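When we follow the numbering used here, the leftmost residue of the sequence shown carries the number 27, and every step to the right adds one.
Hints in this document: simulated from the structure, not taken from any laboratory. Because the structure is a prediction, the values reported are computed rather than measured. Note that the Cβ used here is the ideal one computed from N, Cα and C, for glycine as well. Keep in mind that the hints are not guaranteed to be accurate.
Stated by the list, open to error - Cβ pair distances, simulated, as ranges: (1) His38 x Met126: 24 to 30 Å; (2) Tyr194 x Thr36: 21 to 27 Å; (3) Arg93 x Arg166: 23 to 29 Å; (4) Leu167 x Gly34: 40 to 46 Å; (5) Glu174 x Tyr73: 27 to 33 Å; (6) Glu96 x Ala178: 31 to 37 Å; (7) Tyr73 x Asp169: 36 to 42 Å; (8) Ala178 x Gly95: 37 to 43 Å; (9) Glu33 x Asp173: 44 to 50 Å; (10) Pro164 x Glu96: 18 to 24 Å; (11) Ala116 x Pro65: 24 to 30 Å; (12) Val163 x Ala30: 33 to 39 Å.
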Amino acid sequence: MTVASFEGRTPHIGDGCWVHPSAEILGQVVLGTRCWIGPGARLRGDYGSIVLGDCCAVEDNAVVHARPGETCTIGRWVTLGHGCVVHNVASLGDYSVVGMNAVVSDWAQVGEWAVVAEGAVVRQRAVVPAGRIAAGVPARLLDRVVDEPYRAEWRRFKQIYVDLCARYADGYGR
27 MTVASFEGRT PHIGDGCWVH PSAEILGQVV LGTRCWIGPG ARLRGDYGSI
77 VLGDCCAVED NAVVHARPGE TCTIGRWVTL GHGCVVHNVA SLGDYSVVGM
127 NAVVSDWAQV GEWAVVAEGA VVRQRAVVPA GRIAAGVPAR LLDRVVDEPY
177 RAEWRRFKQI YVDLCARYAD GYGR
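Construct the entire structure; sequences and hints are all you get.
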């Protein structure tokens, strides 16, 4: 794992986090508690800042980056799917999901419990309201909303990653 300062900008890894040995956290990156950072993930706060809330999962090969002097803010219990790119977003709300290979671009806002579907592209400055699902290229809002059965299922999925932090800390490579 590479956790490195850059020009005096130093990452902070919260208590109970697990960062895979092939992941890279560079510069002004703040991870809340119990975040799981998967293989090949890259969080680049080299000239911007990244803040992740507690209990986030950044899956394999996801990339998070911020523009110079700006902050990419990611809420609590957020899931960033395999291979997604989150570039200088204004905010990803609590419990939101960015699906596998999706792109969320500059200054976009994704609300609480909102979902960016697999492969979707959320353009610059776009807004995905709380509880809504955006899919396609470019991403468009679907009629379906994030209901309570969906939330219950995703709470279980999200808890798996939080639990994996301790399991990996105790069992990785053994």
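Now for the hints, and whether the structure bears them out:
Range check, His38 to Met126: about 28 Å between beta-carbon atoms, so the 24 to 30 Å window is met. The supplied range of 21 to 27 Å is met by Tyr194 and Thr36, whose beta-carbon atoms lie about 23 Å from each other. Taken as a hint, the range 23 to 29 Å holds for the pair Arg93 and Arg166, whose Cβ atoms sit roughly 25 Å apart. A hinted range of 40 to 46 Å for the beta carbons of Leu167 and Gly34 is consistent with their spacing of about 42 Å.
Distance hint check for Glu174 and Tyr73: the Cβ-Cβ separation is about 41 Å, which falls outside the suggested range of 27 to 33 Å. For the pair Glu96 and Ala178, the supplied restraint of 31 to 37 Å holds, since their beta-carbon distance comes to about 35 Å. Separated by about 40 Å at the C-beta atoms, Tyr73 and Asp169 satisfy the suggested range of 36 to 42 Å. The supplied range of 37 to 43 Å is met by Ala178 and Gly95, whose beta-carbon atoms lie about 40 Å from each other.
At about 46 Å, the CB distance of Glu33 to Asp173 agrees with the hint of 44 to 50 Å. In this structure the supplied range 18 to 24 Å holds for Pro164 paired with Glu96, their Cβ-Cβ distance being about 22 Å. The hinted window of 24 to 30 Å between Ala116 and Pro65 holds, with their beta carbons roughly 28 Å apart. One distance hint, 33 to 39 Å for the beta-carbon pair Val163 and Ala30, holds here, with the actual separation near 34 Å.
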